[in-house]
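Here the protein sequences come in this chain order: A and B. Counting from 1, position 117 in the first sequence corresponds to residue 119 in our numbering; the numbering is continuous, with no gaps. Counting from 1, position 287 in the second sequence corresponds to residue 289 in our numbering; the numbering is continuous, with no gaps.
In case anyone wonders, no lab produced these hints; they're calculated from the structure. Treat the hints loosely; a few may be bogus.
You can't tell identical chains apart in this list, so a pair holds if it fits in one copy or across any two.
Stated by the list, open to error - Within a straight-line C-alpha distance of at most 25 Å, the following computed SDA-like cross-link-like pairs (lysine to any residue) qualify: (1) Lys181 <-> Thr329; (2) Lys158 <-> Lys274; (3) Lys88 <-> Glu75; (4) Lys183 <-> Val265; (5) Lys243 <-> His221; (6) Lys85 <-> Thr194; (7) Lys278 <-> Gln76; (8) Lys50 <-> Ile139; (9) Lys87 <-> Lys195; (10) Lys100 <-> Lys209; (11) Lys87 <-> Thr194; (12) Lys85 <-> Glu75; (13) Lys282 <-> Leu252; (14) Lys278 <-> Lys318; (15) Lys243 <-> Thr141; (16) Lys100 <-> His305; (17) Lys274 <-> Met259; (18) Lys183 <-> Leu252; (19) Lys50 <-> Asp156.
Protein chains: 2
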Amino acid sequence: MDAKKLEKITIALDAMGGDHAPDEIVKGALLSLKENDFNIILVGQEEKINNLLSIQKYDEQRVSVAKATQRIEQDEHPAIAVKRKKDSSINICSKLVKDGLAGGMISAGSTGAVMTSAILNIGRIKGVKRPALAAFIPTIRDPVLLIDIGANVDCKPNYLLQFAIMGKILYENLLPEIKPKIGLLSIGEERTKGNHLVQESHNLISKSIKNFVGNVESHQILSGKTNVIVCDGFVGNTVIKSMEGTAEMLFHQLKDMFLHNTVSKIGAYLLKSALKNLKKKFDYREYGGLQLLGINGICIKAHGRSKSKAIKSSVKVAIDTINSKTTTRIGSEISKYLE
Amino acid sequence: MDAKKLEKITIALDAMGGDHAPDEIVKGALLSLKENDFNIILVGQEEKINNLLSIQKYDEQRVSVAKATQRIEQDEHPAIAVKRKKDSSINICSKLVKDGLAGGMISAGSTGAVMTSAILNIGRIKGVKRPALAAFIPTIRDPVLLIDIGANVDCKPNYLLQFAIMGKILYENLLPEIKPKIGLLSIGEERTKGNHLVQESHNLISKSIKNFVGNVESHQILSGKTNVIVCDGFVGNTVIKSMEGTAEMLFHQLKDMFLHNTVSKIGAYLLKSALKNLKKKFDYREYGGLQLLGINGICIKAHGRSKSKAIKSSVKVAIDTINSKTTTRIGSEISKYLE
């Protein structure tokens with residue numbers, strides 16, 4: 003590969019990850035070059051990537067290709083695959099970040115493999131106990147950042163405190179116009195509600211974090227009143243998937259009912275654009291993907307179904323996160339709470 | 003009060019619980035008398051109840067009133083209120099079941115107070131470690147029974163095994179035409195996925211329960227492919243509330259968009275009945291409420307917003323549950339697994 007340590011922000015993009023790789027990934031990379039000032043390293047099968055590049059017009063100074071002979075599949079065991087497939091595109095991405103040749107990595111591949119590879123190769127920020135996966139969720143007001151949504155299934159109160167700190171920093175950095183309110187996901191608003199983990203975490207977070215608004219129940223997430231909502235990774239994953247499942251099922255049912263008879267078909271036709279807007283409003287793919295916080299660099303897991311536009315928004319989020327010095331700020335904030 | 007030990011099924015109904023008490027509760031009771039062969043004890047402020055009864059026509063032989071001078075409010079601490087307000091309508095209901103004067107109780111009052119009162123007064127079935135709260139959730143296929151949805155926030159694997167046993171029995175008894183598939187809520191389909199509790203519970207349940215289909219992810223709940231889904235009460239409560247929140251928010255947004263302009267208003271008008279049907283399809287209030295399983299009698303927590311129709315369906319579910327000898331069956335199945 004010919005990537006050099008550059009002054010400009012450089013992103014390592016896994017060209018082989020996701021359902022539409024490599025075509026849509028490469029397309030997305032070139033789209034984002036037009037809108038943002040950065041360099042990109044496309045990681046994967048050289049020949050395929052070069053073929054795709056050869057039919058496009060772009061600034062060749064800003065694009066390089068890093069060879070990866072292997073690809074980790076969705077159905078592989080993440081930890082085993084990351085260790086066995088040393089030369090997989092995900093591993094090459096995380097090594098580029100580790101070696102300082104890229105400031106961040108993006109992959110639409112297996113979430114588990116991306117996390118494992120990033121944690122193993124890039125490593126944690128000093129003082130961070132557990133890196134956590136954070137997701138922006140669109141709401142009727144400002145987006146909500148839910149953290150952790152699956153990196154840590156068994157947590158301790160001080161992990162949740164760190165999730166709160168990291169989530170708050172990311173939110174402030176990406177949405178500087180909002181002063182985020184921090185909440186703890188529970189099953190009742192009073193501080194005595196919830197399981198042991200949540201009750202103890204409540205005490206810890208309330209002592210340490212300004213703007214902590216206390217417990218938030220899951221039906222309040224989409225109200226958008228609380229900006230950063232903290233939970234363990236098992237609960238976060240369950241919540242985000244149940245919201246997705248409910249929305250998908252309702253849209254599916256709506257579609258069925260709209261096709262029911264001629265009257266409903268006409269009604270649906272008249273509502274077409276409104277419905278499309280609604281669906282788009284709650285499409286979390288608009289938000290660039292998931293962020294793995296707490297590692298020594300930026301790592302974004304784009305949605306597996308990402309097409310070029312989603313990749314472009316992941317790149318934008320990666321650049322904004324690097325520019326706002328999220329990693330450095332997490333390091334300095336976390337160190338304040340170290341015993 | 004003049005309730006007698008009767009051969010006929012008798013239900014103790016808390017006339018003072020819920021947003022529309024006592025009017026809609028009494029109305030619902032009288033509606034259900036027309037459709038089911040049972041006796042009812044209305045529990046609460048005698049004068050109010052008698053006033054409501056006096057303006058209705060009904061079979062006086064089948065209705066009695068049990069006096070309760072107190073009422074537990076939604077915002078009271080459940081355990082404290084149950085202990086302090088000895089003469090609350092909820093406590094009188096559970097005592098009627100305890101004394102064998104009623105086979106089951108129904109309340110639309112505070113969930114925590116109903117559970118606490120039932121567990122304290124009626125007591126557990128021998129061998130049951132923790133009573134659990136079960137909810138039927140409508141899906142596009144058969145309904146799903148989610149258990150536990152909030153009675154136990156910190157669980158052990160053998161609690162979850164018991165939830166599976168109790169949920170399976172309730173499902174089989176209320177929907178005898180379906181052979182229920184039992185699943186465990188987790189964040190991945192493989193048995194190695196999930197937190198410690200879920201992984202250990204998976205091993206235990208898979209050894210003990212026929213028709214155990216393994217892990218189910220939360221976005222699959224509404225597919226209706228798995229009939230009984232087991233989880234700890236913190237996760238169950240979070241999941242059910244996030245599904246409710248998502249559905250409510252989407253319907254709210256739909257309404258907003260429909261009112262956007264004249265074209266969308268006409269479209270919405272043409273779809274009115276289809277939308278109403280859809281909303282009704284996913285209205286969990288149609289299913290009679292939550293069941294507290296594992297106590298020595300039937301205890302149903304009707305929705306706080308219950309009107310007469312919802313109360314009528316709670317009564318129907320209570321009668322069916324009593325008729326199918328759910329309590330006896332839970333006792334005998336649980337005893338098979340006792341060490």
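Here is how each hint holds up against the structure:
1. Lys181 <-> Thr329: The answer is within: 19 Å in one copy meets 25 Å, while 53 Å across copies does not.
2. Lys158 <-> Lys274: For Lys158 and Lys274, the Cα distance exceeds 25 Å both inside one copy (47 Å) and across copies (49 Å).
3. Lys88 <-> Glu75: within (14 Å within a copy, 62 Å between copies)
4. Lys183 <-> Val265: neither (46 Å within a copy, 39 Å between copies)
5. Lys243 <-> His221: both (14 Å within a copy, 5 Å between copies)
6. Lys85 <-> Thr194: Answer is between: at 19 Å across copies they meet the 25 Å cutoff, but 43 Å inside does not.
7. Lys278 <-> Gln76: For Lys278 and Gln76, the Cα distance exceeds 25 Å both inside one copy (30 Å) and across copies (40 Å).
8. Lys50 <-> Ile139: For Lys50 and Ile139, neither the intra-copy (34 Å) nor the inter-copy (48 Å) Cα distance is at most 25 Å.
9. Lys87 <-> Lys195: between (45 Å within a copy, 22 Å between copies)
10. Lys100 <-> Lys209: neither (35 Å within a copy, 45 Å between copies)
11. Lys87 <-> Thr194: Answer is between: at 21 Å across copies they meet the 25 Å cutoff, but 47 Å inside does not.
12. Lys85 <-> Glu75: Within one copy only: 13 Å inside a chain, 58 Å across chains, cut-off 25 Å.
13. Lys282 <-> Leu252: both (14 Å within a copy, 12 Å between copies)
14. Lys278 <-> Lys318: within (24 Å within a copy, 41 Å between copies)
15. Lys243 <-> Thr141: Close inside one copy (16 Å) and across copies (16 Å); limit 25 Å.
16. Lys100 <-> His305: within (23 Å within a copy, 54 Å between copies)
17. Lys274 <-> Met259: both (14 Å within a copy, 11 Å between copies)
18. Lys183 <-> Leu252: Classified as between; 24 Å across copies, 30 Å inside a copy.
19. Lys50 <-> Asp156: Answer is neither: 41 Å inside a copy and 52 Å across each miss the 25 Å cutoff.
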